[in-house]
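J.: Top line first, the protein sequences correspond to chains A and B. The first sequence runs 1 to 653 under the numbering used here. The second sequence runs 1 to 626 under the numbering used here.
The set of hints was computed from the structure by calculation and includes no laboratory data. Just so we're clear, the structure is a prediction, and the values are computed from it rather than from any experiment. Glycine included, each C-beta is placed from N, C-alpha and C at the ideal position. One thing to keep in mind: the hints can contain errors.
Pulled a few chain A residues facing chain B out of the computed Cβ check, cut under 10 Å [what the hints assert, rightly or not]:
1) Ser22
2) Asn26
3) Thr46
4) Thr74
5) Ser128
6) Asp149
7) Leu229
8) Val445
9) Ile493
10) Met500
11) Asn645
Pair by pair, the computed Cβ-Cβ distance ranges are [as the list claims (entries may be wrong)]:
12) B:Val520 with A:Leu199: 32 to 38 Å
13) B:Leu101 with A:Gln66: 33 to 39 Å
14) A:Asn425 with B:Gly473: 52 to 58 Å
15) B:Lys364 with A:Asn129: 44 to 50 Å
16) A:Asp99 with B:Gly473: 42 to 48 Å
Which residues of chain A face chain B? A few of them, derived with a C-beta cut under 10 Å, are [unchecked claim]:
17) Leu94
18) Gly119
19) Lys120
20) Leu130
21) Tyr136
22) Thr137
23) Thr164
24) Gly269
25) Glu506
26) Ser526
27) Glu528
28) Asp555
29) Arg557
30) Glu561
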Amino acid sequence: MKKTLITLLLFGSAVFTLTAQSIKINYKPGSVSMEELEMDSYPLDTSAAAVLLCKDTDVKVSFDSQLELRRTVTVYRRYKVLKEEGKDCADVELIYSADHSDDERIYGIKVVTYNLDKGKKVVSKMPSNLIYRDSYTADYNQVKFSAPDVRVGSVIEVQYTFTTRRYWDVGLLFIQGNYPVNHGSISVEYSEYFYFNKLTRGHHSFTEVKRDTSADTYTFRGATVRFDLFEDVFVADDVPAMKDEPYCFYPDQSRLGVEYELRSVQIPGWIYKNFSTEWSDVDNQLVEGGYLKEFTAKIPLKVEALDDEVETIKNVRASVLDAVKWDGEIGRWPSSTKAFKEKNGSAADICGIIASKLNELGYTSSPVLIKSRTRGVLASFHVSWDSFDAMILQIVTPSGKVYYTDGVRGSSYLNVLPVEYLIPNGRLLSVVSKRGSWVDLTKLVKNVDTFNVIAKLDASGTIEGECNRLFNNESSIYEKRKYAGGKDEEEFIEGLENAMKVDISEFEFPEHDAWSPRASYRFKFSTEAEVAGDYIYVKPFINKYHSERDFQDPDRRNVVEFPFPETVKYSYTLFIPSEYAVDQLPKPQAFVFDPLGSKVVVKYSMAGDSAVSVSFMFIANEMTVTAADYEVLRMYWSEICNIYNASIVLKKK
Amino acid sequence: MRTFILTLILMVMAMVSVAGQESADAIILSHVEEFKMNSRTSGTDKVHVSILVNNKDGLDAATFVVYTDYFRSLGSFGGEVVLQGGKKVKLSKKDLSFVSLSTGLADDCYAVGYVPSYNYPFTVTYDYTVDYKNGVDIFPVFDPVNVANVGLASAKYSLILPEGMKIARHDQYLEYSVETVKGKDVHTWILSQPMKPLVREHLMKLESDTYPLVFAGPLEFTLGGIEGRQSNWEELASWLCAIQTKVDDLPASEVDKVRELTEGADSDYEIVSRLYSYLREKTRYVSISLGIGGLRPLPASHVAKNGFGDCKGLSNYLKCLLKVAGVDSYYYVINTDQKKFFKDICSVSQMNHVMLAVPLKENKDTLFVECTNPSYPLGYRHSDCAGHDILMLDGKSGRKVTVGGYPDSLSRKIREAKIVISADGSAKIDIKDRRMLDYSETFIDFGKRKPDSQVKTLVRDWNVQPEDVRIVGVKDNFKDYLKYGREYVPEAEVDFSMTSRKYANASGDRIFFPMNPLAVNLYYQRSARVNRVYLDSGYTLAYDYTVVLPEGYKVENLPEDVTVDDVWGTFVSSARVDESDSSVLHVSQSFTAKPFDEDKSMYPSYREFAKKVNKAYSAKVVLSRQ
């Protein structure tokens, strides 16, 4: 094919910085230098077990010789092994579709290892009989290979090409990964007939983003057609390795890469295919595809409306779950009738059945499509049904009250959703208007954790008391799950004893399996204060809500994501022995941290001569803190943790 | 209708027989298995199993899985799920899915499976056959229940073998009988009474010793086309040697390399040491295990050319290297999970690993060499090897021997620290950690690890939050075998420093800090003990801290001394103000765990012991402003 360079464009959103890879290399396969072989650490990350000297990914969406549209991905990797753990990069396992209609293949596998032996470059090529191809499952095949003669110090080149008929599915292409990258590039080539939405992402920046334009031709019905060919190129140098960060639902959100979403294909006289461009298009496609019919299906299950609207919803849900087992899958598109017949279905199937029954009873129950927090933020450019990975229900009662439910989980409730569903933009598709709109699911309810302790200290230092703890809404989910997930109640109590460092008796957790917005338990406890001479030292916080382990790393790349906004209230009343008096009370403290909409207040006071009282409150009204505010968040956290170490000192009268 | 009544009767019978197992996650109502030997190299295993699943934790027991490879494939499959209310769902092969189990570069292992998903409780029944081909050295292992909290109501296993065929067997918790019927020997094992579910707890013996099991095999067999006998370990060793044909084909370039590397070496140990280093530099663990390759090593030429192999290939490769250098060595097979072989059956199916034994005549010792991780110190018998039975091959036959173990007294961790506390509660801490024997394993290749991995190794599960951890120095004796010979014990020492913003808590005129926040609390369970309380081997953890107090503060309270000595171990704790400097405090604690095997009724005593130790770790030192 004839290719002429016409223009060089920079993308409008591109970030261009003048940096270059710290190790200069010739990118051409086979051009491994002595310097690359001699290097024994990567200066920008001396802890790295391996570094990707070069990581190139070239994607081409084009016609094959049969004029079939295909996507072809050519991969070139050049690794430098720096530590024993880095030898893992020599083992490659690729999984691809076994579906004939996808016609996926991996070919052109070439692996070469370079070593230094007495100052000379020794080249070891992987023989083809070390490439193993096999079935992985019924739906997928696998190909595996390992580079030969790999040692600490080796440079390994890996090349292969993957091709598929799934031309539209360019998806996410990352430069950043588990190893640091000295030089990385992604190129995506496609003709003028393809219209893509594109989004770059990452905490680190691309050093160069450009578009090359050339010309090409194809022959169609005897005529030669000339068309423009675009090649988007994204280059990044000195990209650090990814690292795990706590309080992060989707680490890839900050991973350097680019996402392609096909908007339309328009080849004159041949193919005109529009993918979604507006969310209303997605809505319309769903409606036209019969999606909403699954929420108004005729299900042969007898359920009656009760006087109370909430009780009616509970009754419908319970009846449906009695009849159909949740198989643990999530799903988006229900098969309500089929699932009911098979007595087994996904969360979507069960939601479909619940909605169908409620709609039959005069309620209005519609699906809300969700991109879970564990899959990242819903990008406005990514206008597609594929953006969503889950579905819940909105229920509007005859009296006009609005509730949301995931339908299946025992620990959730009306408006109390699994934390991964607490997103600002769920897509509601009304069964009445057949139109879509956005709903905010982040603050449907107020979440409160209340813990009251009343205790009595005797002169020997023994503290005995009673605790009552009440969790409301989202706060209740975690406790219910923990209780249900344990071997038995003893295991749950053991966890409390270890965390609180007390001995527990007469424990009660009523209605732990009830579908309700609450969880509450109570127990009696005993523990020992420190007794020394005339003094007794008492730690009033038997429960701690924050830990310094939460944010150990001084640096942060991702937004800090908290599960949900929450208010914590802790009160502790201690009756002290008559022969003792308070010698020292900790000072009251209060701190504020605006980015989290948060404040913490702790007060200590005497209740007459015989009792000491502690009151603690923590409020966080927001769910996220940016990386820029992370340092202050750490300090704030540290101050809160310090509160828990406070001691009350009593002295013999 | 007859079928329905029969099912109902069986269900009722099962319920009666499993009375008392109401809390079980699942109950195996019936497991009936029959293996028929069709020829010397083939057989058919026919299985009927019925499981009552009470809750989601019981699903493991009810999940259908058959592992297939070069020697086994799934024949027929059918089944049925009976739901609450009696509705039945039929199962057939189309309900099964398969997934590759390959963890290495290549093997032929797949799992064929099915996971039932219905509202609890339900009963699932499977009827299937597994075809054995290409040889039978071990009959299907019969372990009808092997997960915790699952009951077993009835179980029967039959082997239908040619008349007169001799077998060896290891069985537990099952009654055995044999009879000859129509020219076939029928060996039968029956569960005489229902088994209660196993409760999983800490400090207990190997779970596998507590389940019913039949592990049997023919004394004569053919596997991968090679005939063998296994009436004793020597015969089995002969077969293992016989399948190792053409695996010692070291290329000429490697022979030259060995000569170059060993030139001037003045002892066998020196040769082993040099070639072990070469193995470390040149090779890595990658498994290729196709067909009989699960038992036969890859040729040395393959490892030489590609630089990788599995335990068999790497051990064989080092053996070949040593042979060129004139040092004899012995390839051996071992079970790294279980110390002792079954006494009543010799079978390679008991093994899961291969290593190399190298006798050193001049040192009157034998090195037991781990070839999949050539960073292990030479002379150290690692924790998956010391005290284990092994089958050592000499090229033509072999013998069973036991690798020497170590006394518990050598298993020690010693931590010394200097802790300088500031008036705001922060502290600067310098620590010296010495670890001996198995504890030193975590320091093998320590210097080559990533910094975050090093830090995690050092400060795991502490009760204080470490910050700014810096490794100051690492010393070990991993290459000092020659200094000690047979008495060699690996030992590593790491010096590191760190800070902690909250080591102590400053409150008003006082400062509080725990005696030993750098120790890990002993675990104890709250619930009533079900199993015996068991610890296989003892160990010692010793702590010696020098604490420098902030200026202007004096000790207001020191925790009392503690001394405990009972069946579980000994514990000693003390804190003293330095006699010559009142701003310095010395904290000393030492915990020695003893091996034990006690009745469950003793568990409250263990709990009290653990509480005393934990309390001493967290006991507060109180300082007051002068």
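J.: So, as I understand it, the hint says A:Lys120 touches chain B; can you test that by seeing if any CB pair is closer than 10 Å?
T.: violated, 14 Å
J.: Between B:Val520 and A:Leu199, is the Cβ distance one that fits in 32 to 38 Å?
T.: violated, 46 Å
J.: Quick check on the hint: A:Thr137 CB to chain B CB, less than 10 Å?
T.: Status holds, d = 5 Å.
J.: Would you settle whether the hint for A:Gly269 is holds or violated, based on the nearest Cβ-Cβ distance to chain B being less than 10 Å?
T.: violated, 44 Å
J.: Just to be careful: measuring from the Cβ of A:Tyr136 to every Cβ in chain B, is the smallest value less than 10 Å?
T.: Holds, about 5 Å.
J.: Double-check A:Glu506 for me: the hint is only fine if its C-beta lies closer than 10 Å to a C-beta in chain B.
T.: Cβ of A:Glu506 sits 14 Å from chain B, so the hint is violated.
J.: Should the interface hint for A:Ile493 be scored as holding, given a Cβ-Cβ cut-off of 10 Å against chain B?
T.: holds, 6 Å
J.: With chain B as the partner, please determine if A:Glu528 meets the hint condition of a C-beta pair closer than 10 Å.
T.: Nearest chain B Cβ about 7 Å off; hint holds.
J.: Is the hint on A:Thr74 kept, meaning its closest Cβ partner in chain B is under 10 Å away?
T.: At about 23 Å, which exceeds the 10 Å cut-off, the nearest Cβ of chain B leaves the hint on A:Thr74 violated.
J.: May I ask you to test the interface hint for A:Ser526 with respect to chain B, counting a Cβ-Cβ separation under 10 Å as satisfied?
T.: violated, 12 Å
J.: With 10 Å as the cut and Cβ atoms as the points, is A:Asn26 at the interface with chain B?
T.: violated, 25 Å
J.: Tell me if the interface restraint on A:Thr164 is satisfied: Cβ within less than 10 Å of some Cβ in chain B.
T.: Nearest chain B Cβ about 21 Å off; hint violated.
The structure shown violates the earlier hints numbered 1, 2, 4, 5, 7, 8, 10, 12, 16, 17, 18, 19, 23, 24, 25, 26, 28, 29, 30.
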